[in-house]
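*Asks:* Same order as they appear, the protein sequences are chains A and B.
Just add 66 to wherever you are in the first sequence, counting from 1, and you've got the numbering used here.
Just add 66 to wherever you are in the second sequence, counting from 1, and you've got the numbering used here.
Keep in mind that the hints are not guaranteed to be accurate.
If several chains are the same, the list does not tell them apart, and a pair holds so long as it fits within one copy or across any two.
For lysine-lysine, the following DSSO-like pairs were computed, each having C-alpha atoms within a straight-line distance of at most 30 Å [as the list claims (entries may be wrong)]:
{"#": "1", "residue 1": "Lys223", "residue 2": "Lys105"}
{"#": "2", "residue 1": "Lys153", "residue 2": "Lys116"}
{"#": "3", "residue 1": "Lys209", "residue 2": "Lys116"}
{"#": "4", "residue 1": "Lys219", "residue 2": "Lys105"}
{"#": "5", "residue 1": "Lys257", "residue 2": "Lys209"}
{"#": "6", "residue 1": "Lys153", "residue 2": "Lys105"}
{"#": "7", "residue 1": "Lys116", "residue 2": "Lys130"}
{"#": "8", "residue 1": "Lys130", "residue 2": "Lys220"}
{"#": "9", "residue 1": "Lys130", "residue 2": "Lys257"}
{"#": "10", "residue 1": "Lys219", "residue 2": "Lys209"}
{"#": "11", "residue 1": "Lys257", "residue 2": "Lys116"}
{"#": "12", "residue 1": "Lys105", "residue 2": "Lys220"}
Think of the hints as simulated: they come from the structure by calculation, not from any bench.
There are 2 protein chains.
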Amino acid sequence: MTVVYFALYRKNHFKTKEFRMQEDTIEGFHCNVQAPFEKAGAEIRMTDAKVDFVFPEVPFPSNKIFATMGAQAIEAMVVHHHTLLRKSAIGELFPSDDAVFAHVTHKTAEFFIEALGGAQDFSTQYGHPALRERHFRFLIDEKARDIWLMLYKKTLKDIAFPTQHLEEFWNWIEALSIRMINRRTTFETPKRYPFASIAHEFTPKG
Amino acid sequence: MTVVYFALYRKNHFKTKEFRMQEDTIEGFHCNVQAPFEKAGAEIRMTDAKVDFVFPEVPFPSNKIFATMGAQAIEAMVVHHHTLLRKSAIGELFPSDDAVFAHVTHKTAEFFIEALGGAQDFSTQYGHPALRERHFRFLIDEKARDIWLMLYKKTLKDIAFPTQHLEEFWNWIEALSIRMINRRTTFETPKRYPFASIAHEFTPKG
């Protein structure tokens, strides 16, 4: 008997490395399609339960980012990002009407302001962000998530996001964005973009 | 520290009940959206890793069904099912061209014949079924799976599927169909339709 244990360490982010080691042993859909298809025999043949992939832990940022940037700069960042998104390959996910687009962008800004440590305008008006749930009505595949995240990287460069908070912010949106994926087009686990892999893009030229 | 263990018992279907008990403890997306959104504090706040849902074990049938039905009756069953599907709410997933539709239906029949114990024509021509992978290009949400399965139930009635093999066949397609889901529109785990819940529909009227 082979038993695969998959441990979900809750509320204990110091276990991250250990968690990831466990995660490697989980039975995903990476079946060998080159393998022969087993012929039906005299008995019922039970195949394993599987998971698609594990949505990674999300490190929600501290209130330090809001303390540095303030509401206005955060709103400007969100407007910048949304403006890029609207012109992107996933532009159709956003309202075509300018007034509705402005409203949605402001609502998103309220979420970011609150999540980064500012006023609780978002949850006061709309309740818990419940981001995955709110995004169910939009078809978001792995590629859409990549576009969203890569345009955030561009935004962070364009607006000269405070360097000392970059890693904290990036680690949040990089993991958070995976949670919006609701359309799978591949067996592959959504691509990770660790801060170490993009940090050099933010190093001041000199 | 709270540690949630999720055990995947592989190749050991006698553990099914125990497995399901473990499954209940896995951290899914059933978050309480009524809960307040935690305010950002001085420290980074790590949220849990999550899985969407666990694709259940699939009991592949024995070769008894082919022995009873033979290739011709299985092909007729698949043709019947596909004809119903084509006229259904998910009809657009199937080729509109009659010749292409007939080809796809025959290919599906070859899969069913092989999976049920008949000739290995499918895998000889196309390799491993890799059903989830082959279906990635079609958008299949929970509702599409329900339609597919409910029309199979109708098919089994319409063609008077051999009663003694009904449970074995149903348990296979009920679990297998979940694997095709690649578009999620809800937090809910895809609905299960245990044989016990549909068996009465097949009881001979008397």
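*Asks:* Please list, smallest to largest, the hint numbers that this structure does not respect.
*Replies:* Violated hints (numbers, rising): 2, 6; every other hint is consistent with the structure.
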